[in-house]
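Given chain A's structure and the hints, the job is docking chains B and C onto it.
Given next are the chains, with one letter for each unit.
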Amino acid sequence: MADFKKFDNHFGILGWLGGGRWGVERYLYIIHRVAGLGLLLFFLLHIFESSLRIFGPETWNGAMETLKHPFFKVGEFFIVIGFAFHALNGIRLILIEWGLAVGKAEEPVYPYRSSLNTQRPLMVIAMILSAVFIIAGGFNIFFVG
Amino acid sequence: MEKEEKKTNITFYIRRFDPAKDEEPREQQYNLQVEKGMTVLDGLHRIKETQDPTLAFRFSCRMGVCGSCGMLINGRPTLACNTQILDVTQNVLTVAPLPNFSIIRDLVPDLVPMFEVHQRIQPYIKRSDRKEMEDPSGEFFQSQHQLEKFLQFTYCIKCGACMAACPTMATDRQYLGPMPITQIYRYCVDSRDDGRKERMDIVAASHGAYNCHYAGECSNVCPKGVDPARAIQLMKKELVREYFNLVGKEPCAKVWHLPENAERKPKIQAPARTVGK
Amino acid sequence: MRETAYWIWFVIAGLVIFVLGGLHMAVVHLSGIVGIFNPAGAEAVAWENVAFRSHSTFFMIAYILLLAAVLYHGFYGLRTIVFELGIGKACQRSLTVALWIVGVVLFIVGAYAAIAAKTLGAAL
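Chains as they are written, first to last, in the numbering used here: chain A, 1142 to 1286; chain B, 635 to 911; chain C, 80 to 203.
The hints are simulated quantities; they were obtained by calculation from the structure and are not laboratory data.
All of these numbers come straight from a predicted model, not from anything done at the bench.
A hint or two may mislead.
If the Cβ cut is set under 8 Å, some of the chain B residues that face chain A in the computed set are [claimed, not checked]:
no., residue
1, Gly850
2, Ala863
3, Glu876
Covered by chain C, according to a simulated footprint, are these stretches of chain B (three or more residues, beta-carbon under 8 Å) [what the hints assert, rightly or not]:
no., stretch
4, 713-725
5, 833-841
Ideal Cβ placement from N, Cα and C applies to all residues, glycine included.
In isolation and in its complexed conformation, chain A is listed as follows (with noise of 0.2 Å):
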């Protein structure tokens, strides 16, 4: 094929984000991607932090006088709902591709029905379930914790 000049026109990484009308479980998508980011990251401090429990309840109690801190708090909030959705919408993710909940082919007839639709009453319950734990974690931690 002939060379000539083309126009790259790839969206790169804002592609990820989507916009206005794109469907929700696009949305879903990169919310996905982003708790576990920060899922991930925390959970490499994690494990330093709770390693502190092995030089004895001095050091430990010191380390949970800080993480007392409101910055702190609103931080394991954020975690609790990172986890939550990160973790029912994965429930989601693992019956959607393991090819459980998205029906079998059927015949495309005007106005279209795909696999969204078919997946979209068990989307709406991973999202309430995961609503239900993020109202009781917070709960918990603003006023019980």
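Okay, now just chains B and C, sitting in the frame of chain A:
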């Protein structure tokens, strides 16, 4: 009763790119009187005929069959010939070339990378008995149930709308893309096909089916209702079954021969080979 | 088939995290509501509660399993995301090796802490 022609004034914002002059695409504005029933492709034709003959776009059948006129219309990748202007807007319409491809000129995307992948997956029935494939002595058995397993995915017209909508395609140039993976699945579950192993090696590699995270965009935009997202998930199901050795050794469809004394008219013959001799 | 194996174990690790991580979240972050494995009250990170869990064999095994599952699941996810940025083949291979090494080192650190907290329990 007098027939009333109601016309609406629509402002078109069309993304233009001339490789000889422009470094970057630019937006150009056109005004057009649009009546009911006019498709975006009709509008582009009207603009080309009456306002700007330099406007370039790709089209062929203008009835949603050939898949040439895939474009980004008001931010949604779809076929220009399948979209009625007044269905999507009452005042402003933006038309841009399909993203996640290179622009050759104006609204013409470079679909070559997509078709290179499509060629790589060998989108045709493969048989281990090559002689039978090239000079068939009869027909292959296939039940209605076996047909329905993949029929939906054969309606694909390779317009590239799913590739333009896919978030993985936005960054990953080595990713196969929704369309080729759908076609791999289509041939993998075809009872007449023998090439399952080879195609599975392509789709199970890095930048294959596992880089689909079910954002679901491809199925949202598919103008033919092919549902690539479903095909990719079913493909992963096949891969999981393969990994755990759950796939039964189903022999592929046998050749069906005519009863003795019967003669087929005209005799079936494979078309002459044009490439890869 | 290597990618298939990586991915299937990634999913299985996710299921392990769902069970064990869910338990961990219920113990630590729903302490006032569920109130399990916290003999010294709702303050889940109080030393008495932490010591109680550290000394139990069940929690030691659960923590080590959870550690391995999260490291694998997280690093595979990170690897997928970085691969999708469109890096070269050589970069991909070195990233895979680097993540394996970092993962194994972190696993050793965390597993040592879990075992040490259990065995030191008698002394403290």
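Here is how each hint holds up against the structure:
Against a cut-off of 8 Å between C-beta atoms, the interface hint on B:Gly850 holds, since the closest Cβ of chain A lies about 4 Å away. Against a cut-off of 8 Å between C-beta atoms, the interface hint on B:Ala863 holds, since the closest Cβ of chain A lies about 5 Å away. Taking 8 Å as the C-beta cut-off, the interface hint given for B:Glu876 is violated, the closest approach to chain A being about 12 Å. As drawn, the stretch 713-725 of chain B meets chain C at 0 residues by the rule of a beta-carbon pair under 8 Å; below three, the given contact is violated.
Coverage of a stretch by a chain is defined here by at least three residues with a beta carbon nearer than 8 Å to that chain's beta carbons; for the stretch 833-841 of chain B and chain C the count is 4, and the condition holds.
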